[in-house]
Amino acid sequence: MELILGNLSVAIDNKLILDSINLKVKKGELLALLGPSGCGKSTLLKTIAGLLPPASGYVMLNGKDATDLPPNQRGVVIVFQDLRLFPNMTVEENIAFPLKVRGIPKGERLEKVHNFIAGVQLQGLEKRKVTELSGGQLQRVALARALAAEPKILLLDEPFSSLDENLRRDMRRLVMDLRRRYGITTVLVTHDRQEAFMMADRIAIMFSGKIVQCDTPKNIYHAPATKAVADFLGGGNYIQGTVKNGQFLSNIINFPVSKPDGQYTALFRVPALKALSPAENPQGEQTKQIFQITDLYYLGDQTEIIAEGSGQQLKLNISSDHSLSIGDKIHIDFDLSQVVLIEE
Amino acid sequence: MKRTMHIDRLGIISKILLIGFIFSILSSLVVIVVWSLAGRWAWPHLLPENFSLRGMQELFGGYSGAMETLFFSIGLSLVVALLAVIIGTMTARALVFYDFYGKRVIDLSTFLPIIIPGTVFAMGINVIFIEMGLSDSVAGVIVAHLICSLPYAIKIMTDITQAFGRKLEEQAAVLGASFRQTMAFITLPSLLPGLIASGCMAYIVSFSQYFLTLIIGGGTVMTFSVKMVPYLQSGDRTLASAYSLVFVCSTLLVFIIFEKTIKKFYRDESRYYFA
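Chain order of the listed sequences is R and W.
In this text, residue positions in the first sequence follow our numbering: the first is 30, and each later residue adds one.
In this text, residue positions in the second sequence follow our numbering: the first is 614, and each later residue adds one.
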């Protein structure tokens, strides 16, 4: 089912939480809502599900206005961060709940529940109380219960944030697998950029109640709309400069670009910089300057270097079998194929 | 080491308190049991000089109408308890989940019936009830009892509603449950401990109401308390003890049946999924 949000604003206690959100999620697509805590992601999910009334704007489901439709008639299911399993029911009863409220007969219900339980690999735990399960198992029950509601749109509100790294990877894989199998339009809320890159068809970046950019993971990574977006995606080395007649000019580096004239910030992510000893031949015009190492941080197979020169601090990684120490002088090679120019 | 000693001492203190507590309840119960069967028990005798079934005859003999009054009284208090639970639950939801003008005032005023002395309240409400034609009627007594038991029911339900929150209801709704289904399968089972507690509280407040019943009922509405208190005051300890014993036992029995019935209902309800 296709989801369209038009000029959607939500206020809680007279405070604007969502500010004119426009968003379109295509049928079968997985859209990740990525943003820092408190930016309104969860509020947006609740509004889509009908749990919060919008102050203005509309929610359209499959081309029909659903703004005033009650939550139980929308076919939009949320898996909340705190899972919200029903404590007075067993695993089986939890998963059967959406089937029961739809009036599906007992025999059919039982069969479906067993299919869903098999789908999330919970066989053998049917009769368990939800208080007797581990974190990963609870997550699976919540997912199976959501799927049992046969959602047209599935909303996942940071569903993996409470799991450890290994479990999280398993659950991501399970969700992607289930989505492929059931083809459900999905909106995933997360503040973990890796998770968004890994799972999403498109990513919408949200800051303080506004969507600032919505695009494919690759496009967002390679062309962040603002410095804040770039920062949120990991940041790197920012060099301020100007573009004049197709040339980026700064006190560190100059190179040709195909951008209109104006003020720009050039972003070189950490892997785009390479340290060369002054004895080595610099590979381009741009690396004449000498930088001095001010800090070294050992990270395992790599070492992070902080180097200073011409009033600019740069961060880069080198292989840990180096022989550099603080105070050493180096050249820095800038990989121009990886530069990201952000207009100011 | 120091810490274990500290815990040990706490354990001993709590045990002493517990034993003292149980003793104070049981000893007075024992005295009531003995008194209800005593014929003559004067000072300085440690035990009654003779035993008599006068108290039991008065209660169960059929001539005093004590049993009819008891059953009527239980019925009346059950109605009060039921109404108090329903109104209390709804008031609690309004106070916890909704914002409206004058919410603080209503929140505070739910306590008024406890703050205002019983006699003042009884005299005042009697005048109003006479004007409304509710005086000397069972309905009037039920309403008056209800006003006294609501603060407890509301307080208990507000606390549990607050603790329970709305999260599971939201989840049920997005899973497709209608308002009624959410109430039946999610909200009521979660509020169950509170429903039982506030029901019991309202029942006991109503069942033990003497002065208010006497004023509003005007003698035509005869509850067990109204029948019992004159014996307590007149000093006929055998009859007073017999009445007290039935008072305590009937209340306990009602509580047990109340709790068992509700719990059984909801266990069956949840079994209904696959049984």
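Just so you know, not all the hints are guaranteed correct.
[Stated by the list, open to error] With a straight-line cut-off of 16 Å between C-alpha atoms, the simulated EDC-like cross-links for lysine to aspartate or glutamate are:
hint, chain 1, residue 1, chain 2, residue 2
1, R, Lys75, W, Glu671
2, R, Lys358, R, Asp324
3, W, Lys780, R, Asp324
[To be verified] Derived coverage of chain R by chain W (criterion: at least 3 residues anywhere in the stretch with Cβ under 8 Å from a Cβ of chain W; other residues may be distant):
hint, region
4, 90 to 101
5, 124 to 137
6, 337 to 344
Derived by calculation from the structure, the hints in this document are not laboratory data.
Ideal Cβ placement from N, Cα and C applies to all residues, glycine included.
Hint check results:
For the hint pairing Lys75 (chain R) with Glu671 (chain W), the CA-to-CA distance comes to about 65 Å; that exceeds 16 Å, so the pair is violated. Annotation: proposed proximity of Lys358 (chain R) to Asp324 (chain R) holds, straight-line Cα distance about 12 Å (limit 16 Å). This hinted pair does not check out: Lys780 (chain W) and Asp324 (chain R) have alpha carbons roughly 49 Å apart, beyond 16 Å. With a cut-off of 8 Å between beta carbons, the region 90 to 101 of chain R has 3 residues touching chain W; three or more are needed, and the interface restraint holds.
Coverage of the region 124 to 137 of chain R by chain W holds in this model, with 7 residues showing a Cβ closer than 8 Å to a Cβ of that chain against a need of three. Note: the region 337 to 344 of chain R has 0 residues with beta-carbon separation from chain W under 8 Å; the three-residue rule is not met and the coverage is violated.
Figure legend: structure checked against the earlier numbered hints; hints not met, in rising order: 1, 3 and 6.
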